[in-house]
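Undergrad: Residues per chain are reported as follows:
Protein chains: 2
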Amino acid sequence: MNADSYDAMPPAGATAGEVLTRYLHERAAGFLRGLSLRGENEAEADALLRGSARRIGGALHTFGPLTDPAWAEPLRAELAWLSATLGREPQHAGRLARLLEALRRLSVAAPEGQEPVLAGGTGGAAPPAVPAPASGGPLALGAARAGALLERQLTLARTRAHSASLQAMGSSRFHALADAIAVLVSEVPLTPAAAQPAQAVLPQLAGQASQRLADAAAALPLGRAAHPYNADAVQAALGAELTADLQDAPWHQVRILLRLTRYAAEVTRAEGDTAERQRLADAARLLERHREAAESAAAVAAAARTPRIAPATAYALGVLHADQRHEVEAARFAFSRLWQPAVPGARRE
Amino acid sequence: MNADSYDAMPPAGATAGEVLTRYLHERAAGFLRGLSLRGENEAEADALLRGSARRIGGALHTFGPLTDPAWAEPLRAELAWLSATLGREPQHAGRLARLLEALRRLSVAAPEGQEPVLAGGTGGAAPPAVPAPASGGPLALGAARAGALLERQLTLARTRAHSASLQAMGSSRFHALADAIAVLVSEVPLTPAAAQPAQAVLPQLAGQASQRLADAAAALPLGRAAHPYNADAVQAALGAELTADLQDAPWHQVRILLRLTRYAAEVTRAEGDTAERQRLADAARLLERHREAAESAAAVAAAARTPRIAPATAYALGVLHADQRHEVEAARFAFSRLWQPAVPGARRE
Ligand SMILES: [Cu+2]
Ligand SMILES: [Cu+2]
Ligand SMILES: [Cu+2]
Ligand SMILES: [Cu+2]
Numbered sequence: 001m002n003a004d005s006y007d008a009m010p011p012a013g014a015t016a017g018e019v020l021t022r023y024l025h026e027r028a029a030g031f032l033r034g035l036s037l038r039g040e041n042e043a044e045a046d047a048l049l050r051g052s053a054r055r056i057g058g059a060l061h062t063f064g065p066l067t068d069p070a071w072a073e074p075l076r077a078e079l080a081w082l083s084a085t086l087g088r089e090p091q092h093a094g095r096l097a098r099l100l101e102a103l104r105r106l107s108v109a110a111p112e113g114q115e116p117v118l119a120g121g122t123g124g125a126a127p128p129a130v131p132a133p134a135s136g137g138p139l140a141l142g143a144a145r146a147g148a149l150l151e152r153q154l155t156l157a158r159t160r161a162h163s164a165s166l167q168a169m170g171s172s173r174f175h176a177l178a179d180a181i182a183v184l185v186s187e188v189p190l191t192p193a194a195a196q197p198a199q200a201v202l203p204q205l206a207g208q209a210s211q212r213l214a215d216a217a218a219a220l221p222l223g224r225a226a227h228p229y230n231a232d233a234v235q236a237a238l239g240a241e242l243t244a245d246l247q248d249a250p251w252h253q254v255r256i257l258l259r260l261t262r263y264a265a266e267v268t269r270a271e272g273d274t275a276e277r278q279r280l281a282d283a284a285r286l287l288e289r290h291r292e293a294a295e296s297a298a299a300v301a302a303a304a305r306t307p308r309i310a311p312a313t314a315y316a317l318g319v320l321h322a323d324q325r326h327e328v329e330a331a332r333f334a335f336s337r338l339w340q341p342a343v344p345g346a347r348r349e
Numbered sequence: 001m002n003a004d005s006y007d008a009m010p011p012a013g014a015t016a017g018e019v020l021t022r023y024l025h026e027r028a029a030g031f032l033r034g035l036s037l038r039g040e041n042e043a044e045a046d047a048l049l050r051g052s053a054r055r056i057g058g059a060l061h062t063f064g065p066l067t068d069p070a071w072a073e074p075l076r077a078e079l080a081w082l083s084a085t086l087g088r089e090p091q092h093a094g095r096l097a098r099l100l101e102a103l104r105r106l107s108v109a110a111p112e113g114q115e116p117v118l119a120g121g122t123g124g125a126a127p128p129a130v131p132a133p134a135s136g137g138p139l140a141l142g143a144a145r146a147g148a149l150l151e152r153q154l155t156l157a158r159t160r161a162h163s164a165s166l167q168a169m170g171s172s173r174f175h176a177l178a179d180a181i182a183v184l185v186s187e188v189p190l191t192p193a194a195a196q197p198a199q200a201v202l203p204q205l206a207g208q209a210s211q212r213l214a215d216a217a218a219a220l221p222l223g224r225a226a227h228p229y230n231a232d233a234v235q236a237a238l239g240a241e242l243t244a245d246l247q248d249a250p251w252h253q254v255r256i257l258l259r260l261t262r263y264a265a266e267v268t269r270a271e272g273d274t275a276e277r278q279r280l281a282d283a284a285r286l287l288e289r290h291r292e293a294a295e296s297a298a299a300v301a302a303a304a305r306t307p308r309i310a311p312a313t314a315y316a317l318g319v320l321h322a323d324q325r326h327e328v329e330a331a332r333f334a335f336s337r338l339w340q341p342a343v344p345g346a347r348r349e
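So the sequence lines, in the order shown, correspond to chains A and B.
Per the UniProt record's numbering, residue 1 is the first one in the first sequence, and the count goes up by one each step.
Per the UniProt record's numbering, residue 1 is the first one in the second sequence, and the count goes up by one each step.
No lab work stands behind these hints: they were computed from the structure.
Glycine included, C-beta positions come from ideal geometry on N, C-alpha and C.
Check each hint, because a few of them may be wrong.
Stated by the list, open to error - Computed Cβ-Cβ distance ranges for the label pairs, DEER-style: (1) A:L166 <-> B:R305: 42 to 48 Å; (2) B:A275 <-> A:R269: 53 to 59 Å; (3) A:L156 <-> B:P90: 46 to 52 Å; (4) A:L156 <-> B:G94: 41 to 47 Å.
Claimed, not checked - Chain A stretches covered by chain B per the calculated footprint, using a threshold of three residues with CB under 8 Å from any CB of chain B: (5) 96-107; (6) 223-234; (7) 312-323.
Please build the complete structure, drawing on both the sequences and the hints.
TA: This is how it looks when you write it as structure tokens:
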């Protein structure tokens with residue numbers, strides 16, 4: 001993410017517009033810094049560009065009543081486009097690493113009698129410290145082939161995403177966006193509401209973002225997800241394509257609302273209590289894991305549709321798909337326990 | 001199981017040999033009743049034969065010091081043979097039903113927004129009340145084909161097991177065993193130790209059986225299994241054949257020791273407290289579920305080795321295999337929580 005800290009205190013008694021403008025200036029400066037860094041370190045530059053774009057877009061969304069919508073709405077759309085375009089390459093890379101690691105884990109035996117150390121308390125699967133090599137057999141061969149197939153497909157997707165990024169960065173569309181960001185460093189088109197004191201306006205708008213998050217999270221099947229091994233997420237593994245999407249979408253939505261809430265807190269500098277900040281950060285990490293597992297499962301299903309693959313390869317992909325849906329379920333479980341730690345009866349059952 | 005209740009109270013002050021003999025008589029009578037029932041209701045008769053054979057063998061094992069080993073050991077071996085032979089047909093039938101139900105569950109979408117009711121507290125997956133039909137797609141087709149393949153293979157295995165049962169029941173080997181059981185109704189070859197008072201001997205031997213169970217259960221990775229989504233059981237899904245066997249064997253062993261403990265309690269009529277009896281019954285059910293899931297997963301892996309299956313079929317079998325290993329993990333989780341409900345730190349993590 002964006003490592004920039006926004007730590008200069010705003011003047012006491014500032015207007016809402018002043019505080020928001022100050023935040024947007026900082027983030028726009030980060031964006032332009034990312035742009036100039038691109039020749040040196042592309043990955044770092046892109047992460048800075050994406051983080052800045054997401055934060056500017058998020059602030060414009062949450063504090064929408066303070067800026068001219070005729071200016072803000074199209075800018076937000078362009079920022080979302082850029083963020084999505086630049087995000088694809090690292091996503092494909094991360095997905096490939098995740099799936100190859102899962103295949104490795106599914107193919108090795110933990111040394112007998114050893115209890116692997118658990119990776120944190122989030123229910124994640126810790127790879128065994130000293131993996132024994134998988135001995136042969138058709139299933140192990142299938143795993144190797146499945147790994148090679150995924151590597152081929154995801155590397156191709158990554159290369160294409162890289163080309164698309166380069167093309168986007170050279171486009172007139174990006175040029176116009178960079179111009180708009182440069183303007184944002186100097187001036188932000190504010191509404192009359194922005195003239196009110198920051199304390200009178202910003203906490204209220206940030207509170208609305210928190211409320212949207214709370215409402216969306218409350219609508220999730222948290223009670224159900226807090227029961228381990230409910231097998232809900234894996235249920236979609238052989239169903240119609242749409243099944244997983246329908247099931248996952250509300251969780252993805254909460255992930256986005258959580259991000260907006262965290263960005264809003266950057267603007268208002270609402271410190272909250274440390275425990276609450278940590279809880280939001282942990283929740284964000286779990287929903288990120290949920291998304292990664294869900295998208296990795298989808299990539300596996302796509303690979304399984306490759307014509308003329310060997311049955312052993314397809315079998316390994318099936319195991320891997322179910323494993324990733326299992327990870328989806330594990331992330332939901334951990335999120336449910338984190339979000340509502342006092343689910344009645346959920347602990348013991 | 002054997003529905004016979006062994007409820008006649010033994011005379012107060014009976015010897016150990018008298019109490020054991022009385023129990024063996026009852027079970028031998030059940031065995032002979034099963035034999036005569038076979039013409040009418042084969043399934044019920046076989047269940048009675050198996051339940052009686054397991055109980056006689058179990059009592060001879062736990063209370064071994066009370067009977068002549070030269071007589072008891074070969075008899076136990078023959079009882080184990082019969083029990084295993086008669087058990088195969090219902091096992092194949094149960095496995096097929098379990099796998100078809102799992103395939104159905106993996107292929108349908110739960111109606112959106114509905115939270116299916118959890119099936120008890122054992123972490124089991126409750127099928128949705130009103131399954132929506134799976135719409136097409138290559139994966140759904142693969143699931144249908146995988147179901148047909150499993151149906152073919154397990155029905156064939158079932159038919160073969162049935163023939164083997166019939167052949168066994170007509171064999172001179174079975175004839176000799178039935179003769180031995182008939183003798184057991186009239187006389188049991190006891191050792192001098194059997195002349196001691198029942199209270200001085202039986203609780204001690206039954207206690208040794210409980211201790212063997214407690215030791216074996218304590219050697220299981222219960223702390224690890226009590227962490228949901230540790231992904232241990234699924235780890236073996238693509239590994240060498242031996243991986244799952246090595247991992248599952250200690251759990252299967254505890255299942256057998258648990259059964260011996262419960263049978264020993266039938267002999268001693270140790271009522272225990274009701275809560276403890278219920279706990280052992282629940283534990284037995286969970287380990288039975290563990291075994292069924294593990295053996296079902298193995299049957300799926302075997303089906304996946306069928307030559308010339310379509311990739312979509314293999315893919316569905318891979319998903320199903322992982323699902324059943326997931327069920328193995330869920331059973332271990334539930335057993336761990338039941339067996340040691342106060343695992344430190346296991347609740348919250
Ligand atoms: Cu919006
Ligand atoms: Cu490049
Ligand atoms: Cu023995
Ligand atoms: Cu028959």
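Undergrad: Does each hint hold? Answer for all of them.
TA: Structure-based check of all given hints:
Range check, A:L166 to B:R305: Cβ separation about 46 Å, and the 42 to 48 Å hint holds. Look at B:A275 against A:R269: about 55 Å separates their beta carbons, and that is inside 53 to 59 Å. About 50 Å separates the C-beta atoms of A:L156 and B:P90, a value consistent with the hinted range of 46 to 52 Å. With their beta carbons about 45 Å apart, A:L156 and B:G94 fall inside the hinted range of 41 to 47 Å.
Check result for the region 96-107 of chain A against chain B: holds, 4 residues qualifying (beta carbon to beta carbon below 8 Å, three or more required). Check on the region 223-234 of chain A: 9 of its residues sit with their Cβ under 8 Å from a Cβ of chain B, so the three-residue criterion for coverage holds. Look at the region 312-323 of chain A against chain B: 12 of its residues bring a Cβ nearer than 8 Å to a Cβ of that chain, three or more, so the hint holds.
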